[in-house]
Structures are given as C-alpha cells and as structure tokens.
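K.L.:
Each chain is listed here by its residues.
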Amino acid sequence: MSASPTDASPGKRAPTKRLMAPSVLFLLVWMIVPLAMTLYYSFQDYNLMMPDMRGFAGGLSYELLFTDPVFWDALLNTLLLVATCLLVTVVAGLALALLFNRTFVGRGIARTLAISPFFVMPVVTGLIWKYMLLDPVYGLFSWVMRSIGLEPVQWLSSYPLLSVVMMISWEWTPFALLILLTGLQSLPEDQLEAVRLDGANRWQEFRHIVLPHLGQVLYVVIMLESIFFLTSFAEIYATTSGGPGTATTNLPYYIYLSAFFQYDIGLSSAAAIGAVVLANIFAIFLIRFVAGNLNAGSQR
Amino acid sequence: MAIVELKNVAKRYDSMPGKKGAEHANAVEDFNLTTKDGEFVVLVGPSGCGKSTTMRMIAGLEHNTAGEIRINGQDVSSVEPRDRDIAMVFQSYALYPHMSVYHNMAFALELKKTPKEEVKQRVQEAARILDIEHLLDRKPRALSGGQRQRVALGRALVRQPQVFLMDEPLSNLDARLRVGMRAEITRLHRRLGVTTFYVTHDQTEAMTMGQRIVVMRDGRIQQVDTPYNLYERPVNRFVAGFIGTPSMNFLQADHHGDGLGGQGFSCPLGPRLQAALGEGGQRSSCWLGIRPEHLHQVEESSGRGRLEGVIEVIEPLGPVTMVQVRVGDTLVTAQLAAHLDVEIGDTLGLAFDPDQVHLFDIESDQALGLEPDSAASSTQATA
Numbered sequence: 001m002s003a004s005p006t007d008a009s010p011g012k013r014a015p016t017k018r019l020m021a022p023s024v025l026f027l028l029v030w031m032i033v034p035l036a037m038t039l040y041y042s043f044q045d046y047n048l049m050m051p052d053m054r055g056f057a058g059g060l061s062y063e064l065l066f067t068d069p070v071f072w073d074a075l076l077n078t079l080l081l082v083a084t085c086l087l088v089t090v091v092a093g094l095a096l097a098l099l100f101n102r103t104f105v106g107r108g109i110a111r112t113l114a115i116s117p118f119f120v121m122p123v124v125t126g127l128i129w130k131y132m133l134l135d136p137v138y139g140l141f142s143w144v145m146r147s148i149g150l151e152p153v154q155w156l157s158s159y160p161l162l163s164v165v166m167m168i169s170w171e172w173t174p175f176a177l178l179i180l181l182t183g184l185q186s187l188p189e190d191q192l193e194a195v196r197l198d199g200a201n202r203w204q205e206f207r208h209i210v211l212p213h214l215g216q217v218l219y220v221v222i223m224l225e226s227i228f229f230l231t232s233f234a235e236i237y238a239t240t241s242g243g244p245g246t247a248t249t250n251l252p253y254y255i256y257l258s259a260f261f262q263y264d265i266g267l268s269s270a271a272a273i274g275a276v277v278l279a280n281i282f283a284i285f286l287i288r289f290v291a292g293n294l295n296a297g298s299q300r
Numbered sequence: 001m002a003i004v005e006l007k008n009v010a011k012r013y014d015s016m017p018g019k020k021g022a023e024h025a026n027a028v029e030d031f032n033l034t035t036k037d038g039e040f041v042v043l044v045g046p047s048g049c050g051k052s053t054t055m056r057m058i059a060g061l062e063h064n065t066a067g068e069i070r071i072n073g074q075d076v077s078s079v080e081p082r083d084r085d086i087a088m089v090f091q092s093y094a095l096y097p098h099m100s101v102y103h104n105m106a107f108a109l110e111l112k113k114t115p116k117e118e119v120k121q122r123v124q125e126a127a128r129i130l131d132i133e134h135l136l137d138r139k140p141r142a143l144s145g146g147q148r149q150r151v152a153l154g155r156a157l158v159r160q161p162q163v164f165l166m167d168e169p170l171s172n173l174d175a176r177l178r179v180g181m182r183a184e185i186t187r188l189h190r191r192l193g194v195t196t197f198y199v200t201h202d203q204t205e206a207m208t209m210g211q212r213i214v215v216m217r218d219g220r221i222q223q224v225d226t227p228y229n230l231y232e233r234p235v236n237r238f239v240a241g242f243i244g245t246p247s248m249n250f251l252q253a254d255h256h257g258d259g260l261g262g263q264g265f266s267c268p269l270g271p272r273l274q275a276a277l278g279e280g281g282q283r284s285s286c287w288l289g290i291r292p293e294h295l296h297q298v299e300e301s302s303g304r305g306r307l308e309g310v311i312e313v314i315e316p317l318g319p320v321t322m323v324q325v326r327v328g329d330t331l332v333t334a335q336l337a338a339h340l341d342v343e344i345g346d347t348l349g350l351a352f353d354p355d356q357v358h359l360f361d362i363e364s365d366q367a368l369g370l371e372p373d374s375a376a377s378s379t380q381a382t383a
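As they're listed, the protein sequences go chains H and U.
Residue 269 in the UniProt record's numbering sits at position 269 of the first sequence; the count goes up by one each step and never skips.
Residue 83 in the UniProt record's numbering sits at position 83 of the second sequence; the count goes up by one each step and never skips.
Hints were generated in silico from the structure; no laboratory data involved.
From a predicted model like this one, the values you see are computed outputs, not experimental measurements.
Heads up, the beta-carbon is just placed ideally off N, CA and C, and yes, glycines get one too.
Among these hints, one or two may not hold up.
Which chain H residues stay away from chain U? Per the calculated CB distances, all over 10 angstroms, these [what the hints assert, rightly or not]:
1) Ala14
2) Phe119
3) Leu197
4) Phe206
5) Ile209
6) Leu218
7) Phe233
8) Thr246
9) Ala247
A few chain U residues that face chain H, going by a derived Cβ cut-off under 7 angstroms, partial list only [claimed, not checked]:
10) Val79
11) Pro81
12) Arg82
13) Met88
14) Phe90
15) Ser92
16) His98
17) Tyr102
18) Ala108
19) Leu111
20) Lys113
21) Gly244
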C-alpha cells in the first residue's frame, strides 16, 4: 500500500474523484434509484387493479402495514428463520469443518459431496425437498418412517417452518463449512502442539485455541448468512407458498404477496422499506466489523 | 528434573506414494542416549538428519515406531504429550496470538487449576528472570522477534517442567541477538538445572551451549560427546568436517615409506600415526584431516608436515585472515595471521604439526588411531 494515490505529491495527484465517478454513478443509479422509487411508491395510493386511481396517500400504507397482523407474523417468521438457520448452519458447518480438517480415506470425495448442496439452485432445493424427501407418500423420510413401523410425518403441513429451516440449512451449511474449513486450515500446527504440551485436552484445545482463531471467520459467516437468510424466498415459493396460513410467510414473501396477489404497490413498498431497515440493522454490524478489520490490518 | 533415556528409538514413516522417496522412510534409526539429571544435551546435524523428529518423539508429538523412551525410568511411549510434563520452545515460538503475554505464560498453569495467587507469582518471577515484566499486558503481535522469543522461553519456564525441549529457538533471530540469547539460555539452564534438549543445525550454538552434543546424520547418531572431545577426537570424517569453523581440510594421502603424501603435500609419520595407519591391517592410502587453525606460515622446519599451493581466495576477518590454497585438486583453507604479505596467485607454503592431524579410513571414513577413552565414549558410529 506504499503507492496509494493520496500519497503522491499534490502536484502529481491522480484525479481520484474523476476516476471513481463512473463507478459511484453506476452504484447510485443501481441502488439509490430503486430505493427512492420504493420510498416514493410507499407514500402513494397505487393498486395495479386500478392503475388510474393514483394519488398521494401519506402514511396510509404504513398504517395499514403496522396494523396488519400478517406483517407481524412475517416479521416474526423472518427473525425465527434467520436465527434457527444460523444456529443450525454454524454448528453443523463447524462440526463438519472439524471433521473434514482431519485426514481420512475418501476425504476429497466426501468434501465435494458435502459442499454440493450449495450449488443447487434454491428453487430446485425446494422441489427436491418437497417431492423427494418430505412428501408424505413418496418421500424418503416417510419411507424411512414406514420401514421402522412409524406413521409418516406430514412435514410441510405439520411442521412448515421447521421444514423450511431444514431446506435452507441444508443449502447453506456447505457455505459455513467451506469458510470455516479454510479458517481451520490457516491455524498453525505448532500452536496446537504447544497447547497440547501445555496440558490441554481436546475440548480445551478447541475452546482456547481453535475457537478464538476462528472468531473473525465465524463473524463473517454469521453476518453474511444473516443477510442471505433475510431474503429467503425461492425455497418458500417452491414448497409452502407461505402457508399453511401465514406459518412460513417471511418478509420477502409478504412483500411478494402484497404486490402480486393484492396488487397493492403502496403496501408492498412500505413493507419493502421495512425490510431495508431490518437488513441495514444487520449490515451495520457487518460493515463495522469489516472496517474494524481493515483498520487492524493496516496497523499490523 | 529428570533423567531421559532413549533406547533403540526409531521413527519410520510409511512411505506414501507421491511423497518423499523411500530413502526418507527412516527418519531416525537406533537412537540410544541416556542423559544425566539436569544435563544440557544438544542435538546437532544438517537439515533432515532426524534431530527434530527425535525431539518431537520425546515430546510425544510423534510416536516412535521402535524402541522405548523413558523419563525417570517410566516408559512414556503411550503417555499423551500433555501428561509428560515437558515444556517445549518452538522455532516459530507458537505463542497464542489472542492472549496477552501474561496469559500466554499463565495458560498451562490455569489449565492445571493452579491457585490464582501462585500463577501470578510464578509468571511474575519468570518475567523478572527474562526481563519482560513490562510486556505482560501486550499481545504477541505487538512484540519484536527477540521479545517473542523471551515470552516463548517464559511460557516454558513458568511450568517448572521435568524436561525442556528447544527446537532451534534462536534461528529466527538476527545474528547479534542470537549470540546474546545463547548466553542467556546457558545461564538460565545453569540456574534452573532442568534437563534440556536443544536442537540446532548451527555447530557454533552446539559447541557453546551443550554439555554433551549428539551429532546426527541421516537419522543416525554419529557421535555423542563433550564439545572438547568432538573437536579433538571426531570419530569419523563427517563429524570432523561438521564441527569447527571453517571446516577441517581433507587431503587424500598415499602411504609411502616413512611418510604420507600426495600432490603438493607431505607428512612425516610419528609413532602415533604409524600405529593409526596400521590399525586393522596395513593400508596404502587414507584421508589426512588438518584443521585450518593448525596450518602455519613458517620457514622450513624438520619433523613437520608441509603443503604448498597457489592462493585462490584471501578473506581478511580482522583478527585473522582466511586463505584458500589450491593443493593438487583440493582447496585447503588456512587460518593465518591478520597481516599477510601475500596476494592471490602467489604460491604459499604452509607447515603443520603431525601430532595435530587426523587420519580417516579411505573407504569407511572412520577415524584411525582414536585413543581408547574417546572410542568408548562414542557410540555406534564405530560399530
């Protein structure tokens, strides 16, 4: 970083602002325009069934939104979904990463297989789970249940949110696994040896050396996954369609419903602004962490 | 404090396809050594000679595939590293990066649930000995190489273990710091009296620090002896060339009549050399080993060995000057006086005392004419 443009003498300073302008402009158009339009629509009385009857609605959409019990259900579902999926993917990902960090026969193949769910498209994931695994008649799970003499479970109707959590976790555990595994592989072997000689057992070794080493990596996994889980949509769309009732309606799905089932652009825009606020609460932590890391890195 | 015994210890790696060749399958072979209580033993040898592997076997980080390792009489082959009561200083220091210096040092004691007061007192004591009291709150990241080295030592010291293991602890320090720490570790050992194994590839470190030195090569012990004996009575050509800087010169000499000689050199045979040459049958040739410091620039004198050659390199070091002379097809190094009136290309005649030369068998490289006492103290190398 010795030759950054700002280090140059004033006379020869590179035209930083002008060079950055195109990308900044692009970002502005790309992000600010849709956001501004959403914000604008959220204050409009605008229903696609009656596109001619548009007008300023003030805070009506927000009033409707906050008094709509479905919105609060959706918000709760979103938070539940994010929290449980995070818990499952991080714990399972860490366990698998520890496993795959050891050497055993067939590790390469096992690792590839363990990572493959990540490369399946979300809609396909939904369909695989809906028809091949969870289906009460043809599904693998019900076959297993029947073959050990138990009544098959009607997953999608009896435990809809749990089913969605399983799908999303199945899809995202490989992501946590991948990142945590790279973290584990960057742990110097001699630190483990030192701690073993210092008298630590396996658990203490994990608790005092491995976990602190993974600290930053864990933070990144949690933050990135929260952002992704907030926007889960395809899995729900392909399986439960937000039901039964509102059991699996999360915020993105609520926005979708109000826009394309109620045709209420004003309401869905207001909900979208709510989602943006929620996403930003998560993003603040992420950005603060990344910035903190960059600072720490430059001090080193 | 402890007596460490290694009996016929060996380490054999299953040669994996695609990895190193079969010739590296035996990392250590037939290692026998018994330390005295509180002894400072240095393992020295070129890289890949098995010295680090041996140390890691003592630590329990590697399993010996044959033989047994005993600490105070107890076979530790199946004892976990954490239960061996051994502290190790790593070449990379291996400090815990997220812990302060204090916690790095206190960690082992805290794992053993030592009372807080005692932990504090022991860490303070070790920090005082190593002069790192002012660094206790810092993270390893904020320390210099030399300071990290001290913390690594302190971490081992605090535990008051039975055995210290040090794996090239000074090799990451700059030359000046290394000399200082060398003396400091020696002083520390004298003060604590803990049995210590020290691995290095630097023969100067070995000579200055070790009470006893184990010279290894290709997984085998070449000689186990005191620094003085290693220098004076090396058991083979490898040890002779490895110990001492600059290295001993070797000339292939033919035995004719009452002397040894070859192109550009000659050496009269006294009774000692005569007997050595006759050892195990008469031989017509041998290796003649002369240390650079035993070559002198003197006028003709009877009863001395002589060699003569063209000067190729002159290296003034200050107190002495190193001169490399082409004798036959061998380059001979001589350590001469500081002020020399010679130039590259000159022909230089040098003399040496026949009592100071070493003879080695031309085939086996084993030393000839070793006095019985040194032959006894050296181990299998001659077997």
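K.L.:
Each hint should be assessed against the structure and marked as holding or not.
P.N.:
Against the structure, the hints:
At roughly 33 angstroms from the closest C-beta of chain U, the C-beta of Ala14/H stays outside 10 angstroms, upholding its exclusion from the interface. Against the 10 angstroms criterion, Phe119/H stays outside the reach of chain U, whose nearest CB is about 29 angstroms from its own CB. For Leu197/H, the non-interface assignment is contradicted: its Cβ lies about 5 angstroms from the closest Cβ of chain U, within the 10 angstroms cut-off. Taking the minimum C-beta to C-beta distance to chain U, about 13 angstroms, the non-interface status of Phe206/H holds against the 10 angstroms cut.
Here Ile209/H does not stay apart from chain U, with its beta-carbon only about 7 angstroms from theirs, under the 10 angstroms limit. In this structure Leu218/H is separated from chain U by more than 10 angstroms, as the shortest Cβ-Cβ distance comes to about 13 angstroms. In this structure Phe233/H is separated from chain U by more than 10 angstroms, as the shortest Cβ-Cβ distance comes to about 39 angstroms. In this structure Thr246/H is separated from chain U by more than 10 angstroms, as the shortest Cβ-Cβ distance comes to about 45 angstroms.
Distance check for Ala247/H against chain U: the nearest CB is about 43 angstroms away, which clears 10 angstroms, and the non-interface claim stands. Checking Val79/U against chain H by beta carbon gives a least distance of about 12 angstroms; that is not within 7 angstroms, so the hint is violated. Because the beta carbon of Pro81/U sits about 5 angstroms from the nearest beta carbon in chain H, less than 7 angstroms, this interface hint is met. With its C-beta approaching chain H no nearer than about 4 angstroms, Arg82/U sits inside the 7 angstroms limit, and its interface hint holds.
With 7 angstroms as the threshold, the beta carbon of Met88/U comes within range of chain H, its nearest partner Cβ sitting at about 5 angstroms, so the hint holds. Interface restraint check: Phe90/U against chain H, minimum CB-CB distance 5 angstroms, threshold 7 angstroms, status holds. The beta carbon of Ser92/U comes within 5 angstroms of a beta carbon in chain H, closer than 7 angstroms, and the hint placing it at the interface holds. Interface restraint check for His98/U: the shortest CB-CB distance to chain H comes to about 4 angstroms, inside 7 angstroms, so the restraint holds.
Proximity of Tyr102/U to chain H is violated relative to the hint, the smallest CB-CB distance being about 15 angstroms (cut-off 7 angstroms). Hint status for Ala108/U relative to chain H: holds, with the closest Cβ pair at about 4 angstroms, below 7 angstroms. For Leu111/U, the interface hint holds, since its Cβ comes within 7 angstroms of a Cβ in chain H; the closest pair sits about 5 angstroms apart. At about 10 angstroms, the closest approach between the beta carbon of Lys113/U and any beta carbon in chain H exceeds 7 angstroms, and the interface hint on this residue is violated.
Here the hint on Gly244/U is broken, as its CB sits about 32 angstroms from the closest CB of chain H, past 7 angstroms.
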